[in-house]
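Asker: Sequence:
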Amino acid sequence: MSNLLQTGAEFEKKLKERAESTEKMLNDEFRKLGESVSEAVTSNETKIKGAIAQFTASTEESLKKHREGVKEAMMQHRKDMLKLAGSSGMRLLGIVFLLFTASGGTLWYLGGRIQTNLEEIRVQEETLRKLNAKTWGVRYHEGSNGRFLVLPEGMKAETNWTMENGKQNAVRLLQE
135 MSNLLQTGAE FEKKLKERAE STEKMLNDEF RKLGESVSEA VTSNETKIKG AIAQFTASTE
195 ESLKKHREGV KEAMMQHRKD MLKLAGSSGM RLLGIVFLLF TASGGTLWYL GGRIQTNLEE
255 IRVQEETLRK LNAKTWGVRY HEGSNGRFLV LPEGMKAETN WTMENGKQNA VRLLQE
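With the working numbering as the guide, the letters of the sequence shown map in order to residues 135 to 310.
These aren't lab readings, by the way, just hints derived from the structure by calculation. Treat the numbers as computed from the prediction; the structure is a model and nothing was measured. You can take every hint at face value.
No more than 35 Å apart at the CA atoms, straight line, and that leaves these computed lysine-lysine pairs for DSBU-like:
{"hint": "1", "residue 1": "K198", "residue 2": "K183"}
{"hint": "2", "residue 1": "K181", "residue 2": "K158"}
{"hint": "3", "residue 1": "K268", "residue 2": "K301"}
{"hint": "4", "residue 1": "K183", "residue 2": "K205"}
{"hint": "5", "residue 1": "K199", "residue 2": "K183"}
{"hint": "6", "residue 1": "K166", "residue 2": "K150"}
{"hint": "7", "residue 1": "K217", "residue 2": "K199"}
{"hint": "8", "residue 1": "K158", "residue 2": "K147"}
{"hint": "9", "residue 1": "K301", "residue 2": "K264"}
{"hint": "10", "residue 1": "K147", "residue 2": "K166"}
{"hint": "11", "residue 1": "K205", "residue 2": "K217"}
{"hint": "12", "residue 1": "K213", "residue 2": "K198"}
{"hint": "13", "residue 1": "K198", "residue 2": "K181"}
{"hint": "14", "residue 1": "K158", "residue 2": "K148"}
{"hint": "15", "residue 1": "K301", "residue 2": "K290"}
{"hint": "16", "residue 1": "K268", "residue 2": "K290"}
{"hint": "17", "residue 1": "K217", "residue 2": "K198"}
{"hint": "18", "residue 1": "K166", "residue 2": "K181"}
{"hint": "19", "residue 1": "K166", "residue 2": "K148"}
{"hint": "20", "residue 1": "K199", "residue 2": "K213"}
{"hint": "21", "residue 1": "K199", "residue 2": "K181"}
{"hint": "22", "residue 1": "K290", "residue 2": "K264"}
{"hint": "23", "residue 1": "K183", "residue 2": "K166"}
Label pairs and their calculated CB-CB ranges:
{"hint": "24", "residue 1": "L232", "residue 2": "H211", "range": "29 to 39 Å"}
{"hint": "25", "residue 1": "I229", "residue 2": "K199", "range": "41 to 51 Å"}
{"hint": "26", "residue 1": "E195", "residue 2": "K158", "range": "45 to 55 Å"}
{"hint": "27", "residue 1": "A304", "residue 2": "R263", "range": "18 to 28 Å"}
Cβ coordinates follow ideal geometry from the N, Cα and C atoms, glycine included.
Construct the complete structure from the given sequences, taking the supplied hints into account.
Answerer: Right under this line is the structure:
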């Protein structure tokens, strides 16, 4: 029986050694597998980080170009608007200048005409004053009853007078 115990002990010892060897081998394999997975994860992480960095850089570059394009377009639009406002302003200023010039010219012309008319009225008033002095205030009136010479107040008419050797009838004015 001792043989059987010894064989059992050896068998147990071999089983333990095999179990330890298997455990060691499995641990080594799991460690290698872990390292391999870790390397793969690290490699993939590096690749993913690189792809993300490349995508980010590409996106930033595209955004930068887009911003520059938008900025240029806005600056061009601003310049165009300033040109439009400037040309509209200049056009409006020109129209206002023309209106003021035309108004000033019209006022100057009308002022000259008024001055001329006033001068003519003064001349006519002077002529009328002289005419009234020559006619002693006698006025002519024409109505539905006929034509009349109207004498000024304080005057009376004496008829049966003639002029130019009796060819023309005349009226003599006398102070009352």
